[in-house]
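The listed protein sequences correspond, in order, to chains S and P.
41 is the number that this note's numbering gives to position 41 of the first sequence; each next residue is one higher, with no gaps.
544 is the number that this note's numbering gives to position 544 of the second sequence; each next residue is one higher, with no gaps.
Honestly, the hints are just simulated from the structure, not real lab data.
Treat the hints with care, as some may be off.
Calculated lysine-lysine pairs in the DSSO-like style (CA-CA distance at most 27 angstroms, straight line) [claimed, not checked]:
hint, chain 1, residue 1, chain 2, residue 2
1, P, 376, P, 313
2, P, 466, S, 17
3, S, 67, S, 17
4, P, 8, S, 17
Here are some chain S residues the structure puts well away from chain P; computed CB gaps all over 12 angstroms [as the list claims (entries may be wrong)]:
hint, residue
5, 2
6, 11
7, 33
8, 72
C-beta atoms are modelled at their ideal positions from N, C-alpha and C, and glycine is treated no differently.
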Amino acid sequence: MSRNHEQIRTQVLAIVKRLAPEIDPARIIPDKPLRTQIDLDSMDWLNVLASIHEYMGVDIPERDYGKVVTLDGIVAYLAERLPE
Amino acid sequence: MRPLLIRKSPADSPSLAPGSAFSWPQVGHDLGLSANGHLNIAALAVDRHAHSARADRTAFRFLGADGNTRSVSYRELAELTDRFGNALTSLGVVRGDCIFVLCDRVCALYVAVLGALKVGAVVSPLFQSFGPEPIRNRIAQAAGKVLVTSSSLYQRRVASLRAELPSLEHVLLIDDSGAGGIADTLDLATLLRDAPNTPALVATAAEDPALLHFTSGTTGLPKGALHVHGAVLTHYASARSALDLRPDDVFWCTADPGWVTGTSYGIIAPLVLGATSIVDEADFDPLRWIHILESERVNVWYTAPTAIRLLMKAGPELFAGHRFPDLRFIASVGEALNPEAVCWGLEAFGRPIHDNWWQSETGGIMIANTAALDIKPGSMGRPLPGVVAHVVRHLEGEPVTLIETPDTVGELALETGWPSMFRGYLGQPARYRDCFAGKLYLTGDLVRRDADGYYWFVGRSDDVIKSSGHLIGAFEVESALMEHPAVAEAGVIGKPDVLAGEVIKAFVVVKHDIAADEDLRLELLAHARRRLGAAVAPKEIAFVPALPHTRSGKIMRRLLKAKELGLPEGDCSTLA
């Protein structure tokens with residue numbers, strides 16, 4: 001994993017943790033759907049996406065929701081759209 | 001421009017026989033009820049078709065989150081539910097025992113609900129986003145004997161509660177694969193394999209208890225609204241009248257069975273009709289949903305305002321290249337659907353969206369925009385056949401009186417006698433009695449009725465919060481917050497939200513000498529989410545120096561809400 005990926009992962013987890021502070025990031029399996037592992041309802045999930053937009057400057061449109069199901073998916077999606 | 005009236009033509013409802021008189025006994029006759037008084041929801045929903053020429057028709061089509069699909073015919077469903085019912089019997093479950101289900105929308109959940117109904121057990125579905133406290137409270141109230149769940153949910157939410165739930169004799173795991181790795185649980189697959197597939201049905205009657213749906217009130221803990229097997233008459237009749245559902249249809253109810261819509265219309269009603277039900281195991285995903293509507297050739301779609309608003313937000317480009325020639329009827333429930341959303345259906349699908357109204361206590365749809373009825377966007381429609389509604393003046397200490405003048409706001413009341421009316425709040429007879437005035441059930445919802453007989457939702461007559469279509473009681477949330485050692489007092493309101501209707505916001509007063517800082521805010525948020533789960537925990541927490549109280553010491557939640565909205569605090573009348 002590149003340094004860029006590692007930074008993105010840390011940022012995403014910080015965003016999730018601010019909205020759902022009870023989670024333990026170490027227990028997240030990165031290639032399994034995120035929302036089935038941690039307790040995020042649909043409003044939490046929209047807030048995660050809004051925060052990614054706000055803090056990382058990447059808008060994830062509805063048509064791409066299928067690409068950001070797992071933590072790995074989110075990181076890869078953002079890595080493609082963020083400067084190296 | 002948005003129309004004020006969406007006109008319907010006879011072509012919109014060709015299935016309706018003109019002038020056919022409605023009566024509940026006639027509905028029973030249509031369902032082939034026998035004269036001996038025996039009536040069982042699962043027998044009508046499953047066995048009746050399994051022993052007919054429609055036995056091989058698909059009852060459920062499960063769409064896995066991983067892309068796999070599984071179709072289950074009525075014949076297979078009858079065998080699976082017989083096995084499940086017999087497995088329950090072998091575990092010592094008898095009529096009237098309460099069975100809870102808590103899992104994803106997978107086949108095992110549907111088999112468990114219907115199999116338990118077959119043997120006369122009372123079924124109570126729980127929502128997956130409930131945390132340990134709502135789960136413990138509900139199972140304890142109903143003295144639940146069996147819980148059907150997944151190993152992941154069991155370990156995260158239930159295992160630590162077992163000692164507090166002495167009534168809970170058996171936990172059946174849907175995904176243990178015979179491993180037996182988790183203490184004090186049983187593997188459902190093994191139980192089903194070992195259980196006989198002989199008929200499990202017991203001879204229940206119309207007034208025997210069948211379903212228990214927990215709902216929230218202004219005060220106290222959630223109330224368990226008890227429903228009987230006879231409710232199936234409403235499920236059947238309303239699916240035809242309010243949803244225009246027909247036996248050859250593919251039907252998709254997007255509600256989770258953890259909520260009453262997902263049970264009455266996600267499990268029971270389409271099966272009783274003999275239709276095919278789509279079950280999507282994945283979370284909401286706009287493109288996935290469009291794909292399902294199109295490729296599964298859904299004819300009737302029953303969904304919710306929050307989902308509709310999210311699809312609207314996604315924009316028309318999401319629909320580009322998709323066609324929905326099979327989609328005949330779209331309905332919505334959960335909260336009043338805004339007129340823009342009703343009309344958006346015309347643009348996106350070429351069909352308007354039909355709002356309807358009911359609640360846990362009514363067991364089924366009561367007031368609806370039907371296929372034949374011209375739509376006034378923003379209205380919940382008119383009472384269904386067999387339902388008699390009134391607008392009443394209901395003031396503390398005064399007799400309840402009918403309001404006949406059109407467009408006058410009052411409480412929505414229903415004449416008792418429809419089959420799916422709840423028969424009690426579990427263990428709370430006084431609260432049940434308080435819901436009635438003579439022959440009228442008082443719904444707690446404020447409405448007005450226009451001169452054409454259309455009903456319009458105005459608000460709640462109490463402080464109950466409605467978030468994403470689900471009722472949440474402020475008391476349950478406040479109690480959990482106050483268990484935290486730093487909290488002196490908490491007041492909880494529904495804060496208006498464009499997508500969810502309302503989101504839960506908590507105002508917290510901390511104890512003397514405690515620093516109300518960001519660390520504590522996150523700690524309280526984590527505490528509430530751990531206890532209550534994402535669906536019930538607050539989305540926002542704000543610290544305040546004090547909360548407003550009535551003279552009797554009750555928190556004035558309406559005043560908190562007025563402050564939040566920047567309204568004049570003296571006049572809270574608009575907050576109803």
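#### Entry: Hints the structure fails to honour
4 and 7
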